[in-house]
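Now for the letters of each chain:
Number of protein chains: 4
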Amino acid sequence: MRIFEQIESRVRGYVRSFPVIFESSEGATMTDESGRQYIDFFAGAGTLNYGHNNERINSALIEYISNKGPHHTLDMATTAKKKFLTKLYDTILQPRNLDYKVQFTGPTGTNSVETAIKLARMIKGRSNIVAFTNAFHGLTMGSLSITGNNFYRDEAYISRSNVSFMPYDSYLGADVSTIDLFRKLLSDNSSGLDLPAAVIVETIQAEGGVNIASSEWLRELSQVCNEFDILLIIDDIQVGNGRTGDFFSFEESGIKPDMVTLSKAIGAGLPLALLLFRSDLDQWKPGEHTGTFRGNNLAFVASYEALHYWDDMDLSNAVKYKSDIIRKEIEAIAEKYPELNASVRGRGMIFGLEIPEMGFCSQISERCFENGLIIELAGADDQVVKFLPPLVIDEETLLKGMSIVEQSIGELLEEKKQNLTGEM
Amino acid sequence: MRIFEQIESRVRGYVRSFPVIFESSEGATMTDESGRQYIDFFAGAGTLNYGHNNERINSALIEYISNKGPHHTLDMATTAKKKFLTKLYDTILQPRNLDYKVQFTGPTGTNSVETAIKLARMIKGRSNIVAFTNAFHGLTMGSLSITGNNFYRDEAYISRSNVSFMPYDSYLGADVSTIDLFRKLLSDNSSGLDLPAAVIVETIQAEGGVNIASSEWLRELSQVCNEFDILLIIDDIQVGNGRTGDFFSFEESGIKPDMVTLSKAIGAGLPLALLLFRSDLDQWKPGEHTGTFRGNNLAFVASYEALHYWDDMDLSNAVKYKSDIIRKEIEAIAEKYPELNASVRGRGMIFGLEIPEMGFCSQISERCFENGLIIELAGADDQVVKFLPPLVIDEETLLKGMSIVEQSIGELLEEKKQNLTGEM
Amino acid sequence: MRIFEQIESRVRGYVRSFPVIFESSEGATMTDESGRQYIDFFAGAGTLNYGHNNERINSALIEYISNKGPHHTLDMATTAKKKFLTKLYDTILQPRNLDYKVQFTGPTGTNSVETAIKLARMIKGRSNIVAFTNAFHGLTMGSLSITGNNFYRDEAYISRSNVSFMPYDSYLGADVSTIDLFRKLLSDNSSGLDLPAAVIVETIQAEGGVNIASSEWLRELSQVCNEFDILLIIDDIQVGNGRTGDFFSFEESGIKPDMVTLSKAIGAGLPLALLLFRSDLDQWKPGEHTGTFRGNNLAFVASYEALHYWDDMDLSNAVKYKSDIIRKEIEAIAEKYPELNASVRGRGMIFGLEIPEMGFCSQISERCFENGLIIELAGADDQVVKFLPPLVIDEETLLKGMSIVEQSIGELLEEKKQNLTGEM
Amino acid sequence: MRIFEQIESRVRGYVRSFPVIFESSEGATMTDESGRQYIDFFAGAGTLNYGHNNERINSALIEYISNKGPHHTLDMATTAKKKFLTKLYDTILQPRNLDYKVQFTGPTGTNSVETAIKLARMIKGRSNIVAFTNAFHGLTMGSLSITGNNFYRDEAYISRSNVSFMPYDSYLGADVSTIDLFRKLLSDNSSGLDLPAAVIVETIQAEGGVNIASSEWLRELSQVCNEFDILLIIDDIQVGNGRTGDFFSFEESGIKPDMVTLSKAIGAGLPLALLLFRSDLDQWKPGEHTGTFRGNNLAFVASYEALHYWDDMDLSNAVKYKSDIIRKEIEAIAEKYPELNASVRGRGMIFGLEIPEMGFCSQISERCFENGLIIELAGADDQVVKFLPPLVIDEETLLKGMSIVEQSIGELLEEKKQNLTGEM
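Residue numbers (the working numbering), protein chains in the order written: chain A, 1091 to 1514; chain B, 1091 to 1514; chain C, 1091 to 1514; chain D, 1091 to 1514.
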């Protein structure tokens, strides 16, 4: 791995947590150059919902390349893009009665977020944006300004301009309605909270620690936005694309956001990002917002295939089924090891196991990797183990992965006990 | 094409200039669904330096996919990434004595630019960045703040914070040294120009109208940056990767920038972006700057193959040879039609034909497309026809493309003459 | 009054509420050109704590002018300034054990506030400032950014940069501790609240609606600032200088702020503003912050005389005595007219009578003026009648003023009743 | 002077250059506590155009105070204010055909500047403001953002937001028209210069080094503003009020600015500031911009008297007469001591003697003070001796002051020579 240490910037991160060289991958399994296999509970940070090297997708990619389909076309029309758009409309938008326009932004989540807040500010002629505690929306300047975590910021780079942070659902405990607080500040014209152009929110704060907004809270938030003429943007980059069992994570709540950002799994492993918005918000001038790679045709091909998972309810049902398994397993772990003081939360196929002891989650992730499982952390202090397997993982592999977690925690606690004894 | 009008945002642009659906492409030729062929003098805005569906690259992609190489891996290590990094070092950096670290940013040019200015501000602890008139660096908030063109901006979205624009080479005419002006403002502590953390500059302003900085000017700029302890960032996104005949566009001038942004052609058609910087500037904390798609393995595979073009001088020589052809042909056009009052400028395989008459360049592009050529415009008023063919275009196709331009201009002028006669 | 309408900007305000031309004034009484007298319950927005044309002050001014004492001296030393500084130290700072340095800023409150936040940011090297809901700190750009009321702002002029608003004491009702909320956000490094350089707070939000922070809350706030290394700035411009009975409004709570802004009554009617700060915070370079009128010697002369009020406890005791009178009288009004649904709050000689019915307070102020009393409103919706008489008002005048309020409200309610009857 | 060192902040400046305690002053002379007299060539930084303790003004002040005229009235109407407004209209505005509205801002220059740029941005709905190299407009946040000198700024306090600096007249030498540069940048929609709401400019940059804009340049600037629909604000705080011989410094050029800021000498030594603007720009809502001390009646009284100087041409003619004297004297000094390499510039009764040798001007000022003259420096490096006597100085005192300068320079040069000899 010398070349990485020699010339890749020290900013590199995951290569430190999972220090092997991966050579191939399939479904929910990755294999390193020595042939060792790892179960993947990380799924490329939510990008690989449809699994590694999905056969159907791979076949389509090979066929497309073999037929010399254009790879890169900016925002020209191609056969691949036409098929993708048609499929998106027929399978996703139309059945859900979502009258959305589709904008192809640069193929990263942060591009989509930047586009959303730019369009919102332009339309409303207001500069303020409301985001939430522990929000993560990306690291380019606009997205970073609405991201909570100080770790990514530097005073010299970014100032908190025209952004107001509100407490997320349950941030102030079960007894304080954070929506009431928001409404009071909006109603008071001397509160210091300027009427925002938009509110941007994740239904589940994945990076922020697997914090889950209730459907009730989302409906109230949507209601407040309506009352005060504020656009509601759902950032569905990490938990859209089926992670919660529905295609969009907000479906369960019944709200209809004004804008939706999509990236990660929408490209089925290839870079792609979309911004969806109500058609009356389509107030761009032609060419007013661009980006070289907004026409990544291989991603269109892959995504077209992936969208077939939404032709029926099979995937959706499978997610719900496996959700129950994960919950049961994690709760069993929390129960088995009460000394963890762990708490469990999750929805669909994203779960968090929060452990108050500082640094313990890092040990779990490390030990799991030694035991053959890739699993990552979340939360500002890495205090949460995040369970994020591909949606298409088979039950056996899922259970095996869960048992590695259980076993790894067991080992760590045992060693701790022995250390304590040894010290005495 | 109804689906595009129905659900794609009206922000779409090139699909309006080139209103056909492309189905396949090869080398410097694109084919639409009706089988009609077009010569490509646009090259995906400089992304397709190595041509469409380059055979060597395609074979490698198909092999990689067939072998189930991982597609998406964030910044974990993979065999494909290792090969790419090694090749980049051996073929590009090491032979040029460039002691650069490589950072994989989100795979779009603007991501790379955002990363550069963030790192520069962090290192120097200063917030100001100097950019130049007619600069184009991207459209996310940080990059947009250093982009000249007002068309992309909106007061509600972005304020000009901590950015100072200086006139580019020759902006004030041949007699005024814009470097002298810059030095005077830096020397005067009451000039209102705060000492910047960095200067960011394109050696050729491609979007800005094919404006070309002389080697002399670049050396003086580099010298000023040295004197005042300012980092020099070369944005080589559009004209790096061989466009000028050398791999980096600044090689001819002999300067060694502190940072270099690369994107577009570095991925050979697939999304990829890099930031290179002097190793002593590698002051990131692990994970401090991230981006989901910074591990686009298909792009590593494609780029690895493309970098073989730099094993010897063949491509470089070919660019110089074809550069002469293009220059000769464009100058012939300008000479043949003196009524255009056209001026010609270019370097390597990027050329601009500037025509003062407002709107005439648009007509040329449109007519060329009707005649089978894809060619785009540049400059704040679209007053420049931009010649940007794939570097690997064969001589015959190149000449055929040039003749379409000549013929299209001839037709337009002829029709204009007839219209004038008709009006009398 | 034609000249005012003819050439004074329509921004003029109080001249509309009190549309007469005042010719002379004394104590708590103003007289217009027609000889009509008005009791003054406004005291120049808290500037005239020592009354209009205080005899002792007037004599000193006349003597100073007659002796050709310099009027304007920037920050050179003068005899008048020496006397003022010595008196301030001997009578105010030294007896209270306040180890403060004195900075003479431009002679307006907002100048003092700007200086405070500039110094705080410079010292801490952080850009964020925390202010509170309903705060009013002035209208120059820096002060305006920390002022809650939207009425004074315009998107084109100011963006909310590096300012975070927290809820003031009791803003979320009696049950929610706003200090707990603040502490939680500070403790959570992903909350989006950047660690501020300073917190700025009014102990009583006079403009904001006579909102009163409890001593307990101020102590907790001071404690949080200590814990997180944040400077605490008390803006004592309107309620310092004895308004609450003590010289500084925070004395009762026992806290020792890091900085204190003083203006309004410190000049006893002439423009003067000071910034006080802990001597270890005196990190200015000579001349680094200036302002032409920071040496207003007539104000030094006036203030020197006024400070003699603090030689003993007489004024302090008188304020407490009259505070009880005001409270009793206002509460009697609220009780007599239950249909007002009024609430009463106050401390020292600042009181608010809040009446929910939109616009009714304006009617009260207008009617009071007709009946010979100058009284103003507060709160974002002008929903509070603000009682702010000179501290030196005599009991008889005070009671007469109170009875005008009572009578005016009675008249208005009576007329309302008759209108309702008439309408039937 | 111990009390100053003990409790005044180290930010104090002039008290260090002129370390005596002043007790009285009259005309152009100040007297310290020991009875020593100093000629005043500083005039309170241009505030004391009408001299210290002007007899007519003093008498009026004493009479006003004796009659118990109100001192402090916010923006209520008073007899004193009415007289002042009427006089300003009759004597200044009406005869010059200036259809200006008058806004009373907080009584400091920076308040007036802040108000001007706020109003300009509000009216035009644009955020950018253009200021010039070496501009000085004040030190509150808005004014500071358009002030060139870095000495007053700190990254933590202020970012350069929505401000563009252009080179002042002659900044790039005699051959480069800085207006042409400005026009080119405005015409080019990709220059990075956003169309500003306003241009703010001093006709003479007093603090900036006594840089003088030609009438021609001012006319061209006014013309460009007209062409591009930009408001032109003349900051006449230091050189208005007769300093150049006319009441407004821009009269000579014939332009009619859209806004004019006035402060310093308009109050004849007492704090007062005005903003004048074309009546169609009076788009404020009542009370939208305020400031406690905008009703400083003693200043109205003083200013009313001072404005009588403009009843005829006497003062104007006297300024021109004394201007010639000063010029002749300074030029004689420059000629007598060619080793200074000094250059002389000035207009009316403001002159600068620029001496390239770093630090020599400070020695001159210091030596002059020892010899009985108060004189200050200007320019970013204190490289200019600034001559700024009261306009009403009598010829004898003026000549005596000039001879002190000459003598002081002579002494310094002689000592230098001796030191050099001594060193050998």
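Among the hints, a few may not be true.
No distinction is drawn between identical chains; accordingly, a pair holds when it is met within one copy or between any pair of copies.
[Said to hold, decoys possible] Pairs of lysine to aspartate or glutamate, EDC-like flavour, derived with a Cα cap of 20 angstroms:
1. 1490 with 1122
2. 1274 with 1372
3. 1158 with 1319
4. 1173 with 1095
5. 1375 with 1180
6. 1173 with 1504
7. 1426 with 1317
8. 1274 with 1098
9. 1173 with 1123
10. 1172 with 1341
11. 1507 with 1122
Keep in mind that the hints were calculated from the coordinates and are not lab data.
Computed from a predicted model, the values in this text were never measured in an experiment.
Going down the list of hints, with the structure as the test:
| no. | hint | in the structure |
| --- | --- | --- |
| 1 | 1490 with 1122 | within (19 angstroms within a copy, 49 angstroms between copies) |
| 2 | 1274 with 1372 | neither (31 angstroms within a copy, 34 angstroms between copies) |
| 3 | 1158 with 1319 | neither (48 angstroms within a copy, 49 angstroms between copies) |
| 4 | 1173 with 1095 | between (42 angstroms within a copy, 14 angstroms between copies) |
| 5 | 1375 with 1180 | neither (27 angstroms within a copy, 45 angstroms between copies) |
| 6 | 1173 with 1504 | neither (55 angstroms within a copy, 41 angstroms between copies) |
| 7 | 1426 with 1317 | neither (47 angstroms within a copy, 38 angstroms between copies) |
| 8 | 1274 with 1098 | neither (49 angstroms within a copy, 38 angstroms between copies) |
| 9 | 1173 with 1123 | between (37 angstroms within a copy, 13 angstroms between copies) |
| 10 | 1172 with 1341 | neither (26 angstroms within a copy, 42 angstroms between copies) |
| 11 | 1507 with 1122 | neither (33 angstroms within a copy, 69 angstroms between copies) |
Taken one by one, the earlier hints fail for this structure at numbers 2, 3, 5, 6, 7, 8, 10, 11, listed in ascending order.
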